[in-house]
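Colleague: Chains as they are written, first to last, in UniProt numbering: chain A, 1 to 341; chain B, 1 to 288; chain C, 1 to 334; chain D, 1 to 285.
Source of the hints: derived by calculation from the structure; they are not laboratory data.
Watch out, some of these pointers could steer you wrong.
Unchecked claim - On the chain B side, residues computed to face chain D include the following (Cβ under 10 Å):
| no. | residue |
| --- | --- |
| 1 | 79 |
| 2 | 80 |
| 3 | 85 |
| 4 | 87 |
| 5 | 88 |
| 6 | 117 |
| 7 | 153 |
| 8 | 155 |
| 9 | 170 |
To be verified - Pairs of lysine-lysine residues, derived as DSS-like cross-links and limited to a Cα-Cα distance of at most 25 Å, are as follows:
| no. | chain 1 | residue 1 | chain 2 | residue 2 |
| --- | --- | --- | --- | --- |
| 10 | C | 6 | D | 105 |
| 11 | B | 137 | B | 93 |
| 12 | B | 176 | B | 232 |
| 13 | B | 137 | A | 291 |
What the hints assert, rightly or not - One-sided excerpt, in silico: chain C residues whose CB lies under 10 Å from chain A:
| no. | residue |
| --- | --- |
| 14 | 229 |
| 15 | 236 |
| 16 | 239 |
| 17 | 249 |
| 18 | 311 |
Glycine is no exception: its CB is placed at the ideal position from the N, C-alpha and C atoms.
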Amino acid sequence: MHATLKPEASTSSADPVLRVDNLKAYYQMNYFGVSREVRAVDDITLTIRRNEIYGIAGESSSGKSSLIKTIAGAIRPPLRVVSGSVRFDFDGRTLDVYNDPEAMKAARWRHLSYVMQGSMNVLNPVRRVKHAFHDFAFRHMGLSPSAFRARVEAHLERIGLDPQVLESYPHQLSGGMRQRLAIGLATVCEPEFIIADEPTTALDVLVQQDVLALIKDVQMRLGSSIIFVTHDMTVHAAIADRIGIIYAGRLVEEGPSQAMFEQPQHPYTAHLIASLPRIGDTTRRVSLPGKPPNLADPPSGCRFHPRCPLAIAKCETESPPLVPRGEGRVACWRAGEVAAA
Amino acid sequence: MSALLQLDHVGRSYPVGGFFARRQLQAVKDLSFTLNADRPEIFTIVGESGSGKTTTARMILGNEVPTSGVIRFLGQDVAAIRSRKDRLAFMAKVQPIFQNPFEAFNPLTTLDFYLYSTARRFLGLRTRAEIEAAADKALQHVGLSLVEVRGRYSHELSGGQLQRIAVARALIPSPKLIVADEPVSMVDASLRMSIVNLFRTLRDDLGVTIIYITHDLSTAYYISDRVIIMHKGDVIEAGDARAVLGNPSEDYSRALRNAVLPPDPVAARRIIEARLERRRAALTEAGT
Amino acid sequence: MDGFAKYLARRFLQFILVIFLGVSLAFLITHLSPVDPVEQSVSLMTNFGATDPRSVALLREALSELYGLQGSFFEQYLAFWGRVLHGDFGPSLSSFPTPVMSLIMGALPWTVGLLTLSVLISWCLGNLLGALAGYFRSNLLLKLSGAAVMALHPVPAYIVGLLLLLTFGFVWPVLPISGGAQMNLQPGFSLAFVGSVIVHGLLPALTLVLVGIGSWFISMRSLVSNIVTDDHVVYAELGGVSSGTIFSQYVARNALLPQLTGLALSLGNVFGGAVITEFLFNYPGVGRLLIQGIYSGDYSLVLGVTTMSIVAVAVAVFVIDLLYPLIDPRVRLG
Amino acid sequence: MFSILRDLLRFNVEFLIGFLLTGTIFLFAAAHFFAPYPDTAIYLLPPDMPPSAEFWLGTTSRGQDVFWQISGAIWNTMTFGLTVMILSRIVALAVGMVSGYLGGKADEVLMTINDTLIALPNIPILLLVYFVMRDQMTWPLLALTAALLGWNYDARLIRSVTLSLRNREFTRHAVFAGMSVPQVLIRQHLPYVMPVVFFTAMNNLIWAIGLEVTLSVLGFSDVNRPTVGGMIYWANQHQAAVSGIWWWLVFPIVAVVLLFLGLFLLAISINEYIDPRSRLSRMGG
């Protein structure tokens, strides 16, 4: 019943599976009279197409994890959606995450699944791994328990895991194994959309390479779309079809990964790529001056202007809109003038 | 050619297991290298988690005692340094830099207190003006100033800035050796280079030898003079950084090197696709 | 299995140590006190006349032999252990000649019944209420019931018992406020007797439940409010798992682990509450026996009951410790 | 210090109620120093008088004014509770910090003894001590015994905090920054140890007061010294409940229950306030 091997990233299917429109989500806190508002996601609009791995890159306190939590509808106070919408398109039916909680809950794991960063302890420590598969996926499959078990075992075998692992407890497995299992769990219902939040960050480089190959293998087989979040640009280079760069709660550049690495449009993107050391090349790498913005009171105008080598007066007052440029989009008044890496 | 630091067949093992399954876990096995006193360098220890690199750092700093072999700093056995006076003398010459800046600074203590305490203890300064001057001088070395740090708490600054303050604090007693255990792994990529470049200026301008411990081969290649690659307590390969990391001779170090993803989509994708083919081949062969 | 065996060995060693230290403590307290128990008992006896010096000397001789006060300190200690292991504390002076041990054995089932019942109820109810209040934080009913339970928490058993006794004894006399069962009923498993035992046990059990439930509520609620933010719970919510399953299998089950250890640690205190409640409601358990022993100055009875309660609590703690690996695979499978 | 008090009063309702309750009862107890009659004097006043303008809370069958009796009783009960609390904190802190910081063998030995003492039933042992000491038993000795039985649960909590602090990176960093051991303990670690010490202290105080009430109600303490338990003991001796002198029983019970509630509310609210996590979030961390 498995989709035959899909062709390499078919960019032709333009119909989006996820539309995020002018999304704003803020942390609003009040402790003993001290109230603070952190604008973690500040008016972001993006679309993700079918059968595509969309990389989201951003540094600490850029708001990227708040963005995907908001997209996944997994937000708890003090994080709150202030305005904008998140809409998925599953089987031709549009699902608005924040206006249709029932449909959203039904879609979880059937159409939309999640791989978390701390995958080391996402499995319930006091129960065998098989219970996780049962709790997450059984209700979607419409199979008898034994048929369901056979389906899960076949799925695990296909991704190179020994089905016997279902009988063990999480503490008996290595970190790498638990991460592969989390990926197995997230793909067992063959969902159309998978959100992966820094899935390889905590892994050693050898294990990381294998897990990335596993993710790519499963994505090609299922033709599902993946949001892949990490601060590590080299991982984006290896796996992402398109990349979105987040800075201070805003999308500053978006485009196909190869074009972006060869000809970055936004000075921040250019710097991110230029600052990566390469084996075999010892030319001096330089850091950005200043410090990452404080989302509680972000800089005026373009939020990158205090650290931007190309900043002009206009950058301090007006925030540049995200406009199409080449195959992607960029938000910078001097987009064309960025020196190649 | 007097030795600044000499590790002579150093080993460290821990008792593991219950009553019946008593066995020794060998964290570090037979490690030897020497750092030259009059030739400051950046000596890098590369290894994945569980390779023994952090245990080695703790032994050099005197926080753990080797179960075999001996570590000598300027000829003196580090493990034998017991009295408070000797410990202080040792710490004046050997300073650490920790992995997570947000853990290294107590969130409830102001950052300047660390600088003042180091100046007061190791430089014997008494008046407030002298202490603040020493702190400010050290901060200048790392491109900061006391004004930006006085009265601030760790959550008000970024990881990169905190790590620079940590380096400044370590410089106050003008140490001979700095042991940096994964100093940049928690720092954003855009700020990482400022810390790594800093190590180079410390070596060249202040003549400080730096032991740089990391799992990231790219920064190791970029900054190190010499390197040793460790795996499960063993030294797999050692030598000049460019030679060893450029084209490693041992299998493990070659696998490690090939797993490093270059920041170039074409090359990086080729590595992942090659791995994917190997995965599928292994499955079909296991499947038949 | 290595982890499990190690856990068992450690717990059994702890159990033996508790018995050893507890019994030695009881021995030390009685033998290091400046007051000589024999003189105390003799003065008690002689103030009803019978001051003939010879019989007093004979009495003193008999008593010191009875109380095991002959020989050196260490010999007394060994003799004491001999008696504890044989379960022989000599006859009780206040209800002569019945041996202390048979009095204890007669009273122990009452205490064990009352305690097991009330501890189970307060543990389960307190944990359930606390878990619900921790998980559904905004639910008003849970907040109110939580506040009520917490208000009772600091109040000691005697005060709660006294309030219940006053209300059910005078204001709304529906329940018996004294004794273990109807006086005239033949003890046995007849319906009437068992019914009467249950009715008489209601107030003491209610007291112990009201006193005990608060601590379980508070600890469970704070445990659950921490676990709710754990990765595996957030992940289950992301997985669309039903909140009923999340609450029971992901949150409560993990929160129960420390609560079971907490149960073992709390038995020492809970037993104290039972002693007071039994005396207040004249409930024929070991606690009432102890207090009556103190009032009547019956030295061997008091020593016997204290020692046996130390042993009983140690056994209960050990049993609960054995349950722990059953619900925590990390301990069971090393 | 006052800014903290102002914050707590304004934003934390539990603290407000707890502060008011404990405050009034404390003042009420302190008033006993100005009592018109000596605490221990009996048969001074007409017995069994119901509450009236002259005797606000009525008089007892032993001719004592209930109002001043309760005032003196609360004071003595609280002094007993505070003594037990302070003594047990000393032992708990010592054991908790030594085994937390030294670790290794010392930690193992101390914690084994600790777990053994936890498993012992406190009240039977206390009763045994009373029975053996009989009239030599004075309240300071009882306080010492209670303190020696009341520290072990808290020692384990303190140990877990100190153990985690010893292994935190900022501790090693402080040592390399030349800070002496006392400097590290007081300046770096105290803010983290304080909450657990404070919270366990309040719980111990409540436990000790409950213990005193329980023992003296049974007559197992110096019953001539007015305590809350002592009052209830004498009320029972004179069959107050049966003979309708309800005020002799009800007012002391109400007073001590209010004291318990006040202390408990204070404990919860202050613990939440000084917890490093909430303090950090107030600093915007």
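Colleague: For every hint, state whether the structure bears it out.
Modeller: Hint by hint, here is what the structure shows:
no. : hint          : result
1   : 79            : 17 Å, violated
2   : 80            : 18 Å, violated
3   : 85            : 13 Å, violated
4   : 87            : 9 Å, holds
5   : 88            : 7 Å, holds
6   : 117           : 5 Å, holds
7   : 153           : 6 Å, holds
8   : 155           : 4 Å, holds
9   : 170           : 8 Å, holds
10  : C:6 / D:105   : 18 Å, holds
11  : B:137 / B:93  : 18 Å, holds
12  : B:176 / B:232 : 29 Å, violated
13  : B:137 / A:291 : 21 Å, holds
14  : 229           : 8 Å, holds
15  : 236           : 7 Å, holds
16  : 239           : 4 Å, holds
17  : 249           : 7 Å, holds
18  : 311           : 33 Å, violated
Figure legend: structure checked against the earlier numbered hints; hints not met, in rising order: 1, 2, 3, 12 and 18.
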